[in-house]
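Trainee: Below, each chain spelled out in residue letters.
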Amino acid sequence: EAAVTQSPRNKVTVTGGNVTLSCRQTNSHNYMYWYRQDTGHGLRLIHYSYGAGNLQIGDVPDGYKATRTTQEDFFLLLELASPSQTSLYFCASSGQNSGNTLYFGEGSRLIVV
Amino acid sequence: QEKVQQSPESLIVPEGAMSSLNCTFSNSASQSIWWYQQHPGKGPEALISIFSNGNKKEGRLTVYLNRASLHVSLHIRDSQPSDSAVYLCAVSPPQGGRALIFGTGTTVSVSP
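Just so you know, the sequences run in chain order A and B.
In this text, residue positions in the first sequence follow the working numbering: the first is 953, and each later residue adds one.
In this text, residue positions in the second sequence follow the working numbering: the first is 127, and each later residue adds one.
Do not take every clue at face value.
[To be verified] Computed beta-carbon distance windows for the label pairs: (1) B:GLU135 with A:ASN1049: 34 to 44 angstroms; (2) B:SER237 with A:LEU1040: 39 to 49 angstroms; (3) B:SER237 with A:ASN970: 42 to 52 angstroms; (4) A:THR965 with B:LYS168: 19 to 29 angstroms.
To be clear, the hints were calculated from the coordinates, so they are not data collected in a lab.
Computed from a prediction, not measured in an experiment: that's the story for all the values here.
Yeah, the Cβ is synthetic: ideal placement off N, Cα and C, and Gly gets one too.
Just chain A, same shape as in the assembly (with noise of 0.2 angstroms):
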């Protein structure tokens, strides 16, 4: 069974802090996305990355860097954090062994106050 790993799962940090959001899937996907999900918007897709060392910027990348250090390993990361990005973020990964199907973690709850 596909598996990704999300972590932390509840994150409450200060306006201007810095956040780092990880990802590890165990599916040999080349194929890894971060989402942010918010009421009234659905999932939003913030960057994805088509394997190590590749970076894609999605449609809300204002204020998200993101690296894709192996295959397996995504991270997210909010060096000023602010109030407007609360929200529940999602990772997900996809490959060709899977149908393009995407197969998410369970979400990392972030509160900026």
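Since the structure of chain A is already known, use the hints to place chain B on it.
Mentor: Leaving out everything else, chain B in the frame of chain A:
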């Protein structure tokens, strides 16, 4: 940019009834259309996808796609309380890549 809209926002159905959800997208050249299910506190899980015009059945699920009208629907036969969840419609953009674009979801509540 591709837009995906879902209706209704929420739906209450009695156990055993049919649940019908709608989704419209903005580009007829979009690739596959997906339906995902999301239970509270969990990540979305893929339910079913369709690429060609027409319908596709898997168990209690039926999907209908009409590219000319930019419309796809999901029907859940014999709805069960465990079907209570948010249902997300998603499309693969025509320019390729695997980053799906999601709608805002329909919340389905099945009453016993």
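Trainee: Give a verdict on every hint.
Mentor: Verification of the hints:
1. B:GLU135 with A:ASN1049: 34 to 44 angstroms: Holds, at about 36 angstroms.
2. B:SER237 with A:LEU1040: 39 to 49 angstroms: violated (27 angstroms)
3. B:SER237 with A:ASN970: 42 to 52 angstroms: holds (46 angstroms)
4. A:THR965 with B:LYS168: 19 to 29 angstroms: Distance hint for THR965 of chain A, LYS168 of chain B holds at roughly 24 angstroms.
The structure fails hint 2 only (numbered hints given earlier).
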